[in-house]
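Participant: Sequence order for the protein chains is X and W.
Using numbering that gives the first Met the number 0, count along the first sequence one by one with no gaps and you end on 341.
Using numbering that gives the first Met the number 0, count along the second sequence one by one with no gaps and you end on 341.
Derived from the structure by calculation, the hints contain no laboratory data.
Any given hint could turn out to be false.
The following residues of chain X were derived to be distant from chain W, with all beta-carbon distances above 12 angstroms [to be verified]:
id: 1; residue: P35
id: 2; residue: L62
id: 3; residue: K101
id: 4; residue: E164
id: 5; residue: R181
id: 6; residue: E201
id: 7; residue: K203
id: 8; residue: N234
id: 9; residue: V303
Here are the computed lysine-lysine pairs in the DSBU-like style, where the Cα-Cα straight-line distance is at most 30 angstroms [what the hints assert, rightly or not]:
id: 10; chain 1: W; residue 1: K288; chain 2: X; residue 2: K82
id: 11; chain 1: W; residue 1: K94; chain 2: X; residue 2: K288
id: 12; chain 1: X; residue 1: K82; chain 2: X; residue 2: K27
id: 13; chain 1: W; residue 1: K82; chain 2: X; residue 2: K288
id: 14; chain 1: W; residue 1: K299; chain 2: X; residue 2: K94
id: 15; chain 1: W; residue 1: K101; chain 2: W; residue 2: K58
id: 16; chain 1: X; residue 1: K299; chain 2: W; residue 2: K94
id: 17; chain 1: X; residue 1: K82; chain 2: X; residue 2: K101
id: 18; chain 1: W; residue 1: K288; chain 2: X; residue 2: K94
id: 19; chain 1: W; residue 1: K299; chain 2: X; residue 2: K82
id: 20; chain 1: W; residue 1: K212; chain 2: W; residue 2: K239
id: 21; chain 1: X; residue 1: K299; chain 2: W; residue 2: K219
It should be emphasised that the depicted structure is a prediction, and the values quoted were computed from it without experimental measurement.
We put the CB at the ideal spot given by N, CA and C, even for glycine.
There are 2 protein chains.
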Amino acid sequence: MLQPKDVMIGIDLGGTSMRALVVDRRNKILALEKIPTNPTQRPERTVTDLAGMVDEVVKMAGLTRANVQGVSIGAPGAVDPRKGIVHHAPNLGWKEFALGQKLNARLNVPIFVENDVNVGVVGEHALGAARGTDDVVGIFVGTGIGGGIILAGELYEGLRGAAGELGHMILDINGPLCGCGRHGCAEALASRTAMERDVRGEIKKGGKSHVLKIMRERGKDRMTSSVILRALRKNDPVMKKVLARAQFYLALLVANVVNLLDPECIVIGGGVAERLGEEYVAPAREQAKAYFLDPRDADKIRVVPGILGDNAGALGAVVLGRKRLAIQHAPRHARKPKTGAA
Amino acid sequence: MLQPKDVMIGIDLGGTSMRALVVDRRNKILALEKIPTNPTQRPERTVTDLAGMVDEVVKMAGLTRANVQGVSIGAPGAVDPRKGIVHHAPNLGWKEFALGQKLNARLNVPIFVENDVNVGVVGEHALGAARGTDDVVGIFVGTGIGGGIILAGELYEGLRGAAGELGHMILDINGPLCGCGRHGCAEALASRTAMERDVRGEIKKGGKSHVLKIMRERGKDRMTSSVILRALRKNDPVMKKVLARAQFYLALLVANVVNLLDPECIVIGGGVAERLGEEYVAPAREQAKAYFLDPRDADKIRVVPGILGDNAGALGAVVLGRKRLAIQHAPRHARKPKTGAA
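So here's chain X without its partners, still in its complex pose (with noise of 0.2 angstroms):
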């Protein structure tokens, strides 16, 4: 039996959609509500539909507030997790935003907020594909290309909590426009933005793709990683060549992060490596190694694709939601976070 505060809700706020879970101390998700965010809107609406979203899912647990512990949220772009101020985050259209502390007015429960990337990357960490590991990095490759680095079992944040930014990493100071302004970061090479980009070139080149006609068929003005699985299952040509490219610049950011960090594990995750699986993540894997500049043991460094897809974020914030908790009411002398003092 569930005893009262026994639930944490973890919140993937996106820019297109947002994503509750209640989750119960063994890590079971007991109800799942996702409804579209309206970046138009005023930040306060949002919260009002957060609010919404908060107490509706808990119903569909079976159970009330009293049962909450906390609402832990991954949300887009700077984050600053002490203040739960949520700096700027262009997908909301977000600036400088006390999302903790607006929340918290409403729902009257703690409120965490983490980056979205950071939370992606700890549930993997914690129930998905980097189990029983240390050291892990998460590359998470979408429109753009988000990263997360833990380190020692822990959420490893930098001096000004911008650490994990590995999109930007150069690979190619002459290469493509990146949406950053700046040239040849991996998410210009790599993203699923990058590969749309390129395909388009492609086609205007005069390749043949089925690409396009995949997106009118399915309504969708931008490639989607369900248009991308659709065109290589049609063994389409333009599709192929350009995953292949994304795929080289892919394994070059692992090389150059193995090359830094020699992590235990790199977990791939996001929309492209949630569909593609192995197909996306082994080429890679491959083409990595021959730029680790030490070939030892190059195997035992695990590259793999994201097991949690759509809810490694909430899962990652229920599981980052534990610790902070855990950390507020602890005694002053041992502050430090520990798994499992929740």
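Go by the hints and put chain W onto chain X.
Facilitator: The following block gives chain W in isolation, referenced to the frame of chain X:
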């Protein structure tokens, strides 16, 4: 008065020379000895040289072997610190050489072996430019580019002991050939070897330069840091152009490290940084900031030249040796390294 077994010997074993320091518990250098390395001789002969140098420098300090707690060596190349093995050191012509065991057989004191750049970073962290910080990345620019990482105050070695090879992070996949056989590594763009290649290239294209003359005058067949300094003082246009290019790539490397790790401090070490100091580091620091994805508090990340010069490695070896000795002597349940436990 010194107690018996109260000093640690730190050795920096390089391809051209080896240097030994006798260091007391307050990190005071009591004696220093430097002799040439002969990479053409059998590794066992070099062990004899090392043992002789240790005895000599201990004598110079007015001590005997009974005063020596241990000998801690920074060795070039791929090293296994647990086994004291040098896997592969091209500078020395060594492969799978059990340096620790062999030197222990001669000296009968504990021997510690670590990568030379790692101990350099430990030195700058414990006693030099990065003192008082927790998360530090060292970038050592010489004929190659090596690195080392300190996280939460401790040397971070990685899964295979291969962490910190940031000289082989790729910055320009279409760039010049690197000594490692790949293209566009930081080492192929920003090392002293890369600068010499570019100076010779500019001269071939008709660039006016004093560099070759300075090398001849000084009897050098390579463009050492003292040659670089002399050429800059003569306002050599080719040298200035080539240095600026190398500084730009150093800036990219710094930015890649910051975007991934967001460390407190980046120490730029090695001969060029030592001789030119801020003249070398300041332009790279300024240009790097433009490549930080997160521009907030960019100045909080200290990017500084090393200050320990040629002693960084041997001093760092001493600091690390003391920690490892403390771990060996600690009860089994307390085998995590702790500062001050020595």
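Participant: It remains to establish, for every hint, whether it holds in the given structure.
Facilitator: Consistency of the hints with the structure:
1. The Cβ of P35 of chain X lies farther than 12 angstroms from every Cβ of chain W, with a closest approach of about 28 angstroms, so its non-interface assignment holds.
2. The claim that L62 of chain X is not at the interface with chain W holds, since no C-beta of that chain comes within 12 angstroms of its own (minimum 38 angstroms).
3. Remark: the non-interface label on K101 of chain X is consistent with the geometry, its nearest Cβ contact in chain W lying 21 angstroms away (cut-off 12 angstroms).
4. Separation of E164 of chain X from chain W is inadequate, the least Cβ-Cβ distance of about 4 angstroms not exceeding the 12 angstroms criterion.
5. Separation of R181 of chain X from chain W is inadequate, the least Cβ-Cβ distance of about 6 angstroms not exceeding the 12 angstroms criterion.
6. Under the 12 angstroms C-beta cut-off, the non-interface status given to E201 of chain X relative to chain W holds; the minimum distance is some 20 angstroms.
7. The beta carbon of K203 of chain X is kept farther than 12 angstroms from every beta carbon of chain W, the shortest such distance being approximately 23 angstroms.
8. With a minimum CB-CB distance of about 28 angstroms to chain W, N234 of chain X clears the 12 angstroms threshold, and the non-interface call stands.
9. Against the 12 angstroms criterion, V303 of chain X stays outside the reach of chain W, whose nearest CB is about 14 angstroms from its own CB.
10. For a cut-off of 30 angstroms, the pair hint linking K288 of chain W to K82 of chain X stands: about 25 angstroms separates their Cα positions.
11. With a C-alpha separation of about 21 angstroms, the suggested pair K94 of chain W and K288 of chain X falls inside the 30 angstroms cut-off, and the hint holds.
12. Distance check on the hinted pair: K82 of chain X and K27 of chain X sit about 29 angstroms apart at the alpha-carbon level, within 30 angstroms; holds.
13. Distance check on the hinted pair: K82 of chain W and K288 of chain X sit about 25 angstroms apart at the alpha-carbon level, within 30 angstroms; holds.
14. A C-alpha spacing of about 21 angstroms is found between K299 of chain W and K94 of chain X, which places the hinted pair at or below 30 angstroms, so the restraint holds.
15. With a CA separation close to 22 angstroms, the supplied pair K101 of chain W and K58 of chain W stays within the 30 angstroms bound.
16. For the hint linking K299 of chain X to K94 of chain W, the alpha-carbon distance of about 21 angstroms falls within 30 angstroms, and the restraint holds.
17. At most 30 angstroms may separate the alpha-carbon atoms for a hinted pair to count; K82 of chain X and K101 of chain X meet this at roughly 12 angstroms.
18. Pair hint K288 of chain W plus K94 of chain X holds up; C-alpha atoms about 21 angstroms apart against a cutoff of 30 angstroms.
19. For the proposed pair K299 of chain W and K82 of chain X, the alpha carbon gap of about 19 angstroms is at most 30 angstroms, so the pair holds.
20. Of the pairs offered as hints, the one joining K212 of chain W and K239 of chain W holds, with about 16 angstroms between alpha carbons and a cut-off of 30 angstroms not exceeded.
21. Between the alpha carbons of K299 of chain X and K219 of chain W the distance comes to roughly 43 angstroms, so the proposed pair goes past 30 angstroms and is violated.
Against the hints set out earlier in the document, violations occur for numbers 4, 5, 21.
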